[in-house]
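> Residue strings, one per chain:
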Amino acid sequence: MTATAPLTAPSLQQLAPHVVPKVKDGDLAKAQMGLLAVGAVLVGAAWATGGKSFAWSYLVGYMGVLGICLGALAFVMIQHITRAGWSVVVRRVAENIAAALPLMLLLWIPILVNFDELFHHWAHANVDEVTHAAIPATDPSYDAVLAGKEAWLNKGFFLARVGIYFAIWIGLAFVFRNGSVKQDETGNPAINLKLSRIAAPGLLLFALSTTFASFDWIMSLDPHWFSTIFGIAYFAGGYMAFFAVLILLTRWLGTQGYLKDAVSTEHYHDLGKLMFAFMVFWTYANFSQYMLIWYANLPEETAWFTHRKHGGWAAVGQILILGHFFIPFAFLMSRHVKRNPVALAVGAIFLLVIHCIDMQFLILPNNSHAPADAGAAADHHVEGIGAYLSHLHWADFGCFVGVLALVLGFVLWNVRRANLLPVRDPRLAESLHFQNI
Amino acid sequence: MANTQKWGIVAEFDSAKAIYHAAEKATAQGYQRVDAHTPFPVHGLDKALRQGPSPLGWLVVCCGITGICLAQLMMWWMNSQDYVIWVSGKQPYAWPSTIPVTFECMVLLSGFGAVFGMFAINRLPRHHHPIFNHPTFWRVTDDRFFLSIEATDPKFDSVQTARFLESIGGKHVAIVED
Chain A
1 MTATAPLTAP SLQQLAPHVV PKVKDGDLAK AQMGLLAVGA VLVGAAWATG
51 GKSFAWSYLV GYMGVLGICL GALAFVMIQH ITRAGWSVVV RRVAENIAAA
101 LPLMLLLWIP ILVNFDELFH HWAHANVDEV THAAIPATDP SYDAVLAGKE
151 AWLNKGFFLA RVGIYFAIWI GLAFVFRNGS VKQDETGNPA INLKLSRIAA
201 PGLLLFALST TFASFDWIMS LDPHWFSTIF GIAYFAGGYM AFFAVLILLT
251 RWLGTQGYLK DAVSTEHYHD LGKLMFAFMV FWTYANFSQY MLIWYANLPE
301 ETAWFTHRKH GGWAAVGQIL ILGHFFIPFA FLMSRHVKRN PVALAVGAIF
351 LLVIHCIDMQ FLILPNNSHA PADAGAAADH HVEGIGAYLS HLHWADFGCF
401 VGVLALVLGF VLWNVRRANL LPVRDPRLAE SLHFQNI
Chain B
1 MANTQKWGIV AEFDSAKAIY HAAEKATAQG YQRVDAHTPF PVHGLDKALR
51 QGPSPLGWLV VCCGITGICL AQLMMWWMNS QDYVIWVSGK QPYAWPSTIP
101 VTFECMVLLS GFGAVFGMFA INRLPRHHHP IFNHPTFWRV TDDRFFLSIE
151 ATDPKFDSVQ TARFLESIGG KHVAIVED
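Quick note, the sequences are listed as chains A and B, same order. Taking the numbering used here, I'd label the letters of the first sequence as residues 1 to 437. Taking the numbering used here, I'd label the letters of the second sequence as residues 1 to 178.
Take these hints with a grain of salt, some might be off.
Under the rule of at most 27 Å between Cα atoms (straight-line distance), these lysine-lysine pairs were calculated in the DSSO-like manner [stated by the list, open to error]: (1) B/Lys6 x B/Lys155; (2) A/Lys24 x A/Lys260; (3) B/Lys25 x B/Lys171; (4) A/Lys182 x A/Lys260; (5) A/Lys273 x A/Lys24; (6) B/Lys47 x A/Lys260; (7) B/Lys155 x A/Lys309; (8) B/Lys171 x B/Lys47; (9) B/Lys47 x A/Lys273.
Everything labelled a hint here was simulated from the structure, so no lab data went into it.
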């Protein structure tokens, strides 16, 4: 009797010996340290110059980049649950971006420090500001709505949920990246089966935790307001931005001599299609939210949009309609654009800027310390894009760039310490030869 | 039959690889009205045949824009001109309420454009095609690959073209009559 050899997939060495499997020792270290330094300097400078607005600028950057990391985690799980072949060559890059979620937990600290500034609406509801005594229900200033939401919106449970969300995200990111890295050594196809089984409950947990995180960290800034589609709208924007980052990062690795022989125009074409699709899906979700609120015309729902008609935010809303839909729709529609490296990169950078403006639109109108808000109240003629620009702090973009640079620096560290692609995934051959029809 | 005329010449090949290289050689030789018939899609065959992009996308875009315009015209006319009804204080023609119908009309007409445009460009439906007169062409849905060069090709010559197809490995090379 001869023992049957264990089932293993062909390795990258056998399939495509010219593809470099791993970053050379010490290579990309300068870029990694540079990104971390730029990120630290930008966030530090924003903190030093921002005053009370820093908390808001930081939240814009943080939520914008968090959406990208969560998008990476969703992408990896979707590839496993659908047993996708085409995406194997870029999956490790996505696994590395998702593995930056522990850093996002660390970067939550500034939000914790500024908790009272950001969440004061509900955190100090029904408590007298001077005496700290509870306001009785008979008092005219008693907020019955927030009293009703207290079971969810209280500081203890809120912070406990931060732990729950990150436990889910970091746990999933760890399981999927480690399983994939382990397969690089063993070549065991059973790892794919195991991960596709974990992906199903994983995606369910992911959807719930992402939805509630967006409720907690953005929607609760305006705690009277509610929208059940808010979570999916936040996810759609983040997922789109993730594809933009994946395209740019993979392309950059290509210029450094890595992955360029494995990731072809065909893969970029598909990544471009997905970026386009979720740009449109963001529009779908946001329009659905807007139309239902507009149609029902209930004061407790319309307040959120009414608030955004002033201080230049109406103009920003119009910029989003144009910049988050019409312009990229026309630009990215053609396959020639998605298959052109420069044009696709331009589209990706454009959508990242728009993603940051989307976060500003969700978060900044709740900042009651914005310098121009007082001015706008005194002078109602200041409207339009001028009003937006007049109270825009450089950190409203700077924090997004800074947090993104920190995350990308961390991602590069992940890129450097493992193989660049899953070198013994059973679907690697399919992915290397992938063609669009 | 008395009044038959040549439609073209058809040759049989054994594999996807063979048909791919045959297509490359035929177009390199200067033949223009070349087509390949295979049991399953063969990657890159359209490039080997030097086929340009399909005009279908442009047709779909035009149909989609027509759908948008027709939907807007319909709702503007019905809601604000012909029979105005004020509902819950909204303007009779308010853009947010028109978006779902506009979107659906765009999808509907784009879908029609894609399906019927594809039929029209392929000149379908038709009951018969001369290529079915080739003796072994029935195997095209099973395990054989066929290359056809039509008689309307400027370079077509009954003898030379048949010899050329044999020289690049074609079997059962036959003139197919209409």
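> Evaluate each hint against the coordinates.
Cross-check of the supplied hints:
| no. | hint | verdict |
| --- | --- | --- |
| 1 | B/Lys6 x B/Lys155 | 14 Å, holds |
| 2 | A/Lys24 x A/Lys260 | 15 Å, holds |
| 3 | B/Lys25 x B/Lys171 | 16 Å, holds |
| 4 | A/Lys182 x A/Lys260 | 24 Å, holds |
| 5 | A/Lys273 x A/Lys24 | 32 Å, violated |
| 6 | B/Lys47 x A/Lys260 | 23 Å, holds |
| 7 | B/Lys155 x A/Lys309 | 68 Å, violated |
| 8 | B/Lys171 x B/Lys47 | 23 Å, holds |
| 9 | B/Lys47 x A/Lys273 | 22 Å, holds |
In this structure, the hints that do not hold are numbers 5 and 7, in rising order.
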